[in-house]
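Fit chain B to the given chain A structure using the hints.
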Amino acid sequence: MLEIKDLRAGINGTEIVKGISLTVNKGEIHAVMGPNGHGKSTLSKVLIGHPGYSVLSGSVTYGGKDLLAMEPETRALEGLFLAYQYPVEIPGVNNAEFLRMAYNAKLKHEGKEQVDPLDFEDILTAKMDLLGIEQKFRERSVNDGFSGGEKKKNEILQMAVLEPRLAVLDEIDSGLDIDALKVVAEGVNKLASKDNAILAITHYPRLLQYLKPQFVHVLIRGRIVRSGGYDLAHELEETGYDRYLQD
Amino acid sequence: MATAVQDTSATSSRLLELYGKFAAHPRLAALNEAAAKRFAEVGIPGKRHEMFSFVNLRELLAAPFEFRHGAAKTVAESEIRKLVFAGCEHSLIAMVDGRYEPALSDVTAHNGAVTAQPLEQAITTPILEQLVKDTQSETDVFAVLNAMFVSGGVLIEVKNGADLSTPIQILHLSTGEGITTADAPRVVISVGANAAAQVAEKFAGSGGFLNAVTNLSLGEGANVQWTRLQTDADAGFHFSKTHIRMARDSRFKGVAAANGGKLARHNCEVRLTGEGAELTQFNAAVLDGAEQSHNYFRIHHEAPNCVSYEVFKHLVMGRSAASADTTVVVHPGAQLTVSDQLINNLMLSEEARADTKPNLMIYADDVKCKHGATVGRLDENQIFYMVSRGIPADRARALLTAGFVKSVLAEVAFAPVAQEAANLLLAKLEKK
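Line by line, the protein sequences are chains A and B. Letter by letter, the first sequence follows residues 1 to 247 in the working numbering. Letter by letter, the second sequence follows residues 1 to 432 in the working numbering.
Extracted from the complex, chain A is given alone in its bound form (with noise of 0.2 Å):
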């Protein structure tokens, strides 16, 4: 489903991530670990397509296409999500509203038959019952307010409305309570399935306990030093990253 060869990329003419390879098939999940400021975040926006990250070289190919080629808009089209680290608030937008645009614009793009705001409620409804969220969000603005938590939860009500083929999660786990980490680790194995695949980026190992990923990478000074099971997280949060920080 992605498989990417060799990217470099960076920001502002720096380079962060170095020469990253990386193949995710259908139903996999795998987790890219590693400490801040060692190219984890940059790997998400080169991937979503974020105008402020360059890319240098490498290729990336998601669903048989050049994704790299594809504008920000149509990775979306084409099932790709980004959750978000720092997820973005957007007061007087309607959670229900833009939910509804998202839900629609993807429908258009494959060709389906758009739903009024009405059949739209009953998704919507159905999405938040089996994520156990609240039916306030509905009501409010985008992000607007919301506890880090709630911001965390919107995203994946975001990832349940869209279904999308391939679910990049930046750190979903940073700033919750153990509790909030659940619901939103719950939350994405519900969402999980043998049709599509998850990309979780993480600093903490603490996050991988909930979701099990069968890869785990470990991602340092912009490249993938090693590779393993979920074994290997285990073995991370006994040592740290500090063994290979010293390489």
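Heads up, some of the hints might be wrong.
[To be verified] Some chain B residues well away from chain A (every beta-carbon gap over 12 Å; in silico):
hint : residue
1    : Gly87
2    : His110
3    : Ala235
4    : Glu380
5    : Asn381
6    : Arg389
7    : Leu409
[Stated by the list, open to error] Restraint ranges, calculated between C-beta atoms of paired labels, are given here:
hint : chain 1 : residue 1 : chain 2 : residue 2 : range
8    : A       : Pro51     : B       : Asp106    : 57 to 65 Å
9    : A       : Pro117    : B       : Glu89     : 24 to 32 Å
10   : B       : Glu89     : A       : Asp179    : 34 to 42 Å
11   : A       : Ser54     : B       : Asp379    : 17 to 25 Å
12   : A       : Pro117    : B       : Asp106    : 33 to 41 Å
13   : B       : Lys82     : A       : Gly52     : 50 to 58 Å
14   : A       : Ser193    : B       : Arg81     : 56 to 64 Å
15   : A       : Asp66     : B       : Asp394    : 21 to 29 Å
16   : A       : Gly52     : B       : Thr139    : 28 to 36 Å
17   : B       : Glu380    : A       : Asn189    : 51 to 59 Å
18   : A       : Glu110    : B       : Asn359    : 32 to 40 Å
19   : A       : Ile123    : B       : Met361    : 19 to 27 Å
20   : B       : Asn194    : A       : Pro51     : 53 to 61 Å
Don't read these hints as lab results, they were simulated from the structure. Ideal Cβ placement from N, Cα and C applies to all residues, glycine included.
Coordinates of chain B only, in the frame set by chain A:
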């Protein structure tokens, strides 16, 4: 500058000459006279007058307008009906060409809990004294001019303890064209102790010079929600002053939606005179072309434990201009005051203008007062966030632009007014 002085003195002389010919109503003569005296003191503002920093008065002051008196031009009831909010058919005060029109007004919805009478007939000595007193200390020459030429105002009273289920609509309709006519409507409204009332004020003019003053007083524990829609024709000059006097534990929540005009300015002076009074005022303007909308707010905290919260959201496009000149004054002894002034400007064109001047004058030592102002364009991070969910960038921009003012419009409680305010302002964005 010599020319500016000459211009203002010519205007002053012209207005004093008009006043000399003006036949005051005997019961309002004391007010007219106090205003004429005050006019001599205040004078016509020159180019750099502090109260009009962002407002260019030259064209208006050079215009040969005359205040209209006597019988207004007949307006068909059907014309009025078109401007009435659904549900307010029997809760309507019609001010036509600056004069209260009893025949077109109707407050029977309130079964006697609300009365409306011609000001000159119903005015009492204490009310007249208060109006005279306010005029003697008035600093805004336009409010002074209103008092100088007022002749057909209305006195609205909401009885103590009344709980109105229907908003009182105050409709200002001016039929003049060009700035040869000027109207000076005066609305005096008192909301009794522990009464709860909604007021929906609508300005619909065809393009003359409207110079309105409203005096609102809230009794102890009164609760007022006031919506103001400024929809005068683009060619018009709209000047208005609202005096709000708030007694102990009263609550006022205002939402103003401004469409702008050739020159629209709202001066709002609030006096929180009783402990525990709370004022909230939201203001939104969406301006395009050469439209202008200016706000001049002075909130006086005169008693302890009062709260005032002001929000301004000005969206400017084309060559339009908006300003918010706001001051909160915390008087000596007004301890535990809480106040906030927030001014946000969204600029969607290079030629548009947005000025802000939030001020605080604090003469008490235990207060929490804030102010903040932003001037900006649409936030690229917000746009990208939406685009990364598959929403096209132009849709994202439209949604964000509308969202900027929607947060204010969401504060309007009465649905027909909320709908009209949304139609008025959001329609302008959809045209883009």
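Checked hints:
Once the 12 Å rule is applied to beta carbons, Gly87/B is consistent with being away from chain A; the minimum gap is 24 Å. With a least beta-carbon separation of about 32 Å from chain A, His110/B lies farther than 12 Å from that chain, consistent with its non-interface assignment. In this structure Ala235/B is separated from chain A by more than 12 Å, as the shortest Cβ-Cβ distance comes to about 31 Å. A Cβ of chain A approaches the Cβ of Glu380/B within 12 Å, the least distance being about 8 Å, so the stated non-interface status is violated.
A beta-carbon of chain A comes within 12 Å of the beta-carbon of Asn381/B; the shortest separation is about 5 Å. Not every C-beta of chain A lies more than 12 Å from that of Arg389/B, the closest at about 4 Å, which undercuts listing it as non-interface. Residue placement check: Leu409/B does not keep its beta carbon more than 12 Å from all beta carbons of chain A (closest about 9 Å). The beta-carbon spacing between Pro51/A and Asp106/B, approximately 59 Å, falls within the hinted interval of 57 to 65 Å.
Evaluation of the 24 to 32 Å hint for Pro117/A and Glu89/B yields a pass: the beta carbon distance comes to about 30 Å. At about 53 Å, the CB distance of Glu89/B to Asp179/A disagrees with the hint of 34 to 42 Å. Checked against the given bound of 17 to 25 Å, the beta carbons of Ser54/A and Asp379/B, roughly 21 Å apart, stay inside it. Look at Pro117/A against Asp106/B: about 37 Å separates their beta carbons, and that is inside 33 to 41 Å.
The given range of 50 to 58 Å is respected by Lys82/B and Gly52/A, whose C-beta atoms sit roughly 52 Å from each other. The hinted window of 56 to 64 Å between Ser193/A and Arg81/B holds, with their beta carbons roughly 59 Å apart. Between Asp66/A and Asp394/B the CB atoms are about 25 Å apart, so this pair conforms to the stated range of 21 to 29 Å. A hinted range of 28 to 36 Å is violated for the C-beta pair Gly52/A and Thr139/B, which are about 50 Å apart.
Separation of Glu380/B from Asn189/A is about 34 Å and departs from the stated range, judged on CB atoms against 51 to 59 Å. Glu110/A and Asn359/B have their C-beta atoms about 55 Å apart, which leaves the hinted 32 to 40 Å range violated. Between Ile123/A and Met361/B, the C-beta spacing of about 54 Å breaks the proposed range 19 to 27 Å. For the pair Asn194/B and Pro51/A, the beta carbons lie near 57 Å from each other, so the given range of 53 to 61 Å is met.
Checked against the numbered hints above, the structure violates hints 4, 5, 6, 7, 10, 16, 17, 18 and 19; every other hint is satisfied.
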